[in-house]
Amino acid sequence: MSDELSLAVVVTAAVLLGAAVLAAAVRIVRGPSSADRVIALDMLGLLGVAAAGLAALASSTAAFMDIALGVALVGFLVTVAFAGFIARGTVTTGERP
Amino acid sequence: MSWIGAVLVLAGSAICLVAALGVVRLPDFFMRMHAATKAGVAGSGLVLLGVAAIDGDASTWAKAIVAVGFLLLTTPVAGHLIGRAGYVSGVPLWRGTREDALAEVLGRGDFDTEVPQAAQAGAVRRVVVGLAAGPGLDRAIEEAVRLAQAHGAELCGVAVIDVPRLLNVGPVPIGAGWHAQQMRQRRVQQARTAAADAMQQFEATAVRARLAWSAQLVEGRPRKVLGAFCDDGTHIVVAAGAWFDQGVLGLQVDVAGRLAWAGARPVRVVR
Chain A
1 MSDELSLAVV VTAAVLLGAA VLAAAVRIVR GPSSADRVIA LDMLGLLGVA AAGLAALASS
61 TAAFMDIALG VALVGFLVTV AFAGFIARGT VTTGERP
Chain B
1 MSWIGAVLVL AGSAICLVAA LGVVRLPDFF MRMHAATKAG VAGSGLVLLG VAAIDGDAST
61 WAKAIVAVGF LLLTTPVAGH LIGRAGYVSG VPLWRGTRED ALAEVLGRGD FDTEVPQAAQ
121 AGAVRRVVVG LAAGPGLDRA IEEAVRLAQA HGAELCGVAV IDVPRLLNVG PVPIGAGWHA
181 QQMRQRRVQQ ARTAAADAMQ QFEATAVRAR LAWSAQLVEG RPRKVLGAFC DDGTHIVVAA
241 GAWFDQGVLG LQVDVAGRLA WAGARPVRVV R
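In order, the protein sequences belong to chains A and B. Numbering follows the working numbering, with no gaps: position 8 of the first sequence is 8. Numbering follows the working numbering, with no gaps: position 154 of the second sequence is 154.
Here chain A stands alone, though its shape is the one from the complex:
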């Protein structure tokens, strides 16, 4: 595959992922419940994994694959922790009625 073509592939994929990140960010801002925001955050984590893979491709640096692995690990822990908070109802500040 020629250089221009592989560049085109990377740029197209980056644009698609960028649009996806924007969409997930919209859901984080809009909510309405904190569970919605956590799901969008989870989505952002998955997009981060894909973006790290794409960075490995764009820079020809295999180390970015380790970052993808790390982001995948951390994203799972984040979601599990937030799920616990939401289920117990202590993620909001202040007293609950």
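Don't take each hint at face value.
To give a feel for the contact side, a few chain A residues facing chain B, derived at Cβ under 8 Å [stated by the list, open to error]: (1) A62; (2) M65; (3) L73.
Examples of chain B residues lying across from chain A (beta carbon under 10 Å, computed) [stated by the list, open to error]: (4) S2; (5) A6; (6) V23; (7) R32; (8) I82; (9) G83; (10) E104; (11) V269.
In case anyone wonders, no lab produced these hints; they're calculated from the structure. Ideal placement from N, C-alpha and C gives every residue a C-beta, glycine not left out.
Assemble the complex: chain A is given as a structure, and chain B must be docked to it using the hints.
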């Protein structure tokens, strides 16, 4: 190999975008979760495999496979956990939901949205009753009168006609435009007649109760119209099982779910 990799990367990115669109556009939390977890894993997994296919190195392949395997193992678990947490915390289901298999199994808390801080509001100064023609109208008006008398509040009847909903006749086939227009006009007319009847009924009851009262007819989106009345001193009363199509379409709507505003007082739905 690099061609396969390029196709995989592009397909993965496209699936990621579709997943993110699903997270934005789907109507309730549980559907969004489904989009984010399933399509998200497929998208990122394909991108990683594509990168490994382009790179071709054994260590890259190993990392990609480990990462994909890890995603496949963890994301379903995370999705189930957050879905359960959302259900337990009381996130509302989509109004079109037919079956709730967890209804008797798991308890549901209060919907946690924007924290109802205005809930400890002052005295009730105004009782607004949403007038929608239907079987529960009498009881809703009675309840509003009772509340207004108990709090010494002003009674306010608001007949809302959900015109945008009435005008929506679904897809119109070519050549049926005239008929669709007739149908829209007829629906709105019927709704106006029904709303006028409901207002007369409200007026009669209010006069009999000797309360300070006012009534108005508004055409627009019920949530927006009634939401404009939402403040600390206002109680909103609506009948269950009736919607502001004024009975014309015979809609069955979860009134409490549709009219759930963050903050202020919760809507009182009379059954």
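Now for the hints, and whether the structure bears them out:
no., hint, verdict
1, A62, "holds (5 Å)"
2, M65, "holds (4 Å)"
3, L73, "holds (7 Å)"
4, S2, "holds (5 Å)"
5, A6, "holds (5 Å)"
6, V23, "holds (5 Å)"
7, R32, "holds (6 Å)"
8, I82, "holds (4 Å)"
9, G83, "holds (8 Å)"
10, E104, "violated (19 Å)"
11, V269, "violated (19 Å)"
Hint violations for this structure: numbers 10, 11, all remaining hints satisfied.
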